[in-house]
Amino acid sequence: MKLIRLITLFCAAMLIASGAMAQGKKGKGNKKAPAALAIPELEKKDIICFALYTVSDEVLKLTAQLYPIPDGDTKTVRLEIEKDGEWVEIARTEAIEQGWTAPFRVEDWDDTRTTKYRVLHGDEASYEGTIRRNPVDKDEIVVAGFTGNSINAKHGGDLSRQDLIDNVKKVDADVLFFSGDQVYDHNRHYAAWLKFGRDFGEIIKDRPTLCLPDDHDAGQPNLWGESGKISTLSGAADGGYSQPGDYVQEVERAQTSHFPDPVDPHTVGQGIGVWFTNLNWGNIDFAVLEDRKFKTGPAGRVPKQGPRPDHILNPDYDPASVDVEGAILLGDRQLKFIDEWAQDWADAKMKVALSATIFCGGAHIHGNANGRLHADMDSNGWPQTGRNNALRGLRKAFAFHYAGDQHLATVFQQGVDEYGDAIFSFCVPSIANLYLRWWEPLEPGPNREPGAPEYTGDHLDGFANKVTNYAAANPEKTPAGNLLNTRAAGFGIVRFNTKTRDIEMECWPRNVDVTDPEAKQYPGWPLTISQFDNYHPRSWGKLGELSFDVEDPVVQLIDAESNEILYTVRASGKTFTPGAPKDKTFIVKAGKDAPDTIVLEKATVGSEAHSVTLP
Amino acid sequence: MSPSKSDNLLLILLRLGAFGCFAGWAWVHLYWEGPYGVLLWQDATFALADRLGVSWDEFVGSGAQDGLVQVWHHRIGWLYLICAILTLTVRTKSRIQMAGLIGGSGLLVILSYAKYLSARQQLPMFVEHGGQMLIPVILVLALAFGVRHRATVIVASVAFVMTFAGHGAYALGFPCPTPANFLGMTSVILKVEAETARTILHVAGALDFLVCLGIFIRPLRKASALYAVIWGFLTALARPVAGMSLALNYWGADQYFHELVLRAPHFMIPLYLLFLWRTSEAFGTLTVPAATPEDNPDPQTCRPAAPLFN
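For the record, the sequence lines run as chains F and A.
The opening position of the first sequence corresponds to residue 1 in the working numbering, with each subsequent residue numbered one higher.
The opening position of the second sequence corresponds to residue 1 in the working numbering, with each subsequent residue numbered one higher.
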């Protein structure tokens, strides 16, 4: 009897799956998905779809995204700005046919004033926007964060993004951060990118925007880039890119060619470029990281622990067994960049790291069912050594980590040697949630905040990384009805207060008005931390208070024995009390914009207060 | 080679093709996982399971314990393994074993259907599995009616055409985009840029379709089959060649080698047809001789006269 039921069930499953897929192709709602990727027939005046820009170190980089230019028409695209009521051409470039991008680079940009710009093509096409002034005088810099832009109607992806547009305008975000998966179509990035531009161009054109191409953008379900290797294994866990190098280059040109210049521009395999860099805006120094490009693929490198090379199902496995020698996460080039970035506090009061995903396994349940997965090597929890190296570098800058990818909004404080000894990370929810995940540890977490859910507190992730959870926007167990919010879709807003040094994280569902006092965020948010919480190990003590004769000096702590820099940070105000490990001696350096003066040579925890006069 | 020996050889080719296919998929199911996620991980499937009295935990497991999904996934792997053994043990009068192989063919149809759904209903995905789905049927027909029987050869030809038409459609990128791993494998193995790889695949795709036609044109059929043997083997071999490395655990064999093995029908069916036509012409007959147990001691090829497919 049971067998008959099972057979019936299996046959029905086939029919259901078939029906669901067929509906996906032919259903009313889903008619929009393929239509949305159709490149429309346009008049020449509408050939410019949208434009993205950043300004950093007095260099404007702007990329205009065009629809296909008809044969015979000029490929020259011009950039003009408004000066004293007149439009003045400041640059021109040739559109690149593969992907139809027109990248501009303008040096000696005056970032002290807001400037209107327009991109022109031929005699008719014009697209206008605003290059904002650098908001260095604002106390609060607002960064809106997004991830997972599915357009699949099955998950609400076909629904309007107008709520997102409206909310970004209402909070007047200073920076837009799209952490990845702006595009889910694995073969038609160009068409999908145009669709993205039609959806978000209205807010992108007027503010600096950072879009990090993630796995789906590159045309594959997961991405371990292995410095541009070619992947041939289904699922790509062998490392490398599934799509050809020219496809990946087109993706990166569309999404990142407006970034500040890469700090280390050497290409990787297949001629694929690199774009890790930093953007200094409003006294916030953003490190834009590539956490996929250099990462080693796990297939064949780690002992098999589950039905996929990148999945670990066995909870009793030895986590150390997968932390194999030679496995890379960020790679030496980026670690070197992070090290230098962490020490450079010129024009910076706070530091923020942006990457596709977070540095831990941030979910337990994957997919639609129980799907308990002990560990997922697609997360940055693996390889553990690479993860710890990244965190050791980032905490030296008290960096806050802003990311996405997980389809599950979470806030974690990472731990390396002990719980809570590294940075906070905020993973934002998906715009439309293609694939559900839940943070649902089997045991309640110790050291929870009073009244906090049992899933918060200290935990080991599947790789035995120490993490402290503060919030998780778990979707409903059986999502139905409202496709977006029962699937925990939404977006993030982070407010960086450069005066108080507070960081406020907001996690909003879709289709709410964030300015409405009645509007509710996902449980656990808003959450506010201090910049200095990003490196505040529980075991540390305090050196004596330092009083300076200048506001906001840069302070650096160095281990007197090993000469290792523990951290560099810009203090808030004229006093600073450095945190430090007990039973060690430290050198403290400080300066107005760089830690160039030794102010203490044998400081220890509990040492006396000290008054410092900087040259 | 005598007719009986050549018939034995033909049967061995079919046995090997079917064995490789089942053994390769058994490895996938028992060591990795089958491609059934698209069928099972559906909200509606859970709802239906509930209506049939199968609880959530029974269906998907509790996390600590396997549910029906995991248990049956594993059992399907064992079924494939049993089918692999049957391909070696089945004889002319082994009706139950033959039924088992037909059941195995059904499993392969379900598997191919799941892959087709996973590939967003790209028809070439289902079609290119034709050789794998049909090789157990060809083997059973060969045993039941003879390796040269019209039915056997017709089904083998259908399997041939499905395999190469599906593969050719993907290589040409029509009506679906060329899978990225086709380009990747070509680039890695031949050390060529993506553009060159595309050109090579377009040519290969066109040739795939040509050989599908060629096997129905008598003067071209042996050449077509020979090409298909070589190309079918090379494309199957491409997976381990592109992916395996001395630097990987087990040289990556556990990741890639089964990809060659389960594609055995892709070159064994053309090889069967090639030998069939070669020996048919050598014997100068278009029909199987009316063999008797006396003049052909092998019962497997001892069948009444039957017209040859030509």
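Hints in this document: simulated from the structure, not taken from any laboratory.
Some clues are possibly wrong.
[Stated by the list, open to error] Between beta-carbon pairs, the in silico distance windows are:
1) A:HIS202 to F:ASP172: 49 to 59 Å
2) A:ALA206 to F:GLU58: 49 to 59 Å
3) A:ALA206 to F:ASP172: 23 to 33 Å
4) F:GLY271 to A:PRO175: 22 to 32 Å
5) F:PRO523 to A:HIS202: 21 to 31 Å
6) A:ILE217 to F:SER321: 12 to 22 Å
7) A:ASP66 to F:LYS170: 19 to 29 Å
8) A:LEU210 to F:GLU94: 37 to 47 Å
9) A:ILE102 to F:THR267: 25 to 35 Å
Each residue gets a CB set at the ideal place from its N, CA and C atoms; glycine is no exception.
*Failing hints, ascending?*
The structure conflicts with hints 3, 5, 6, 7 and 9, although it agrees with all the remaining ones.
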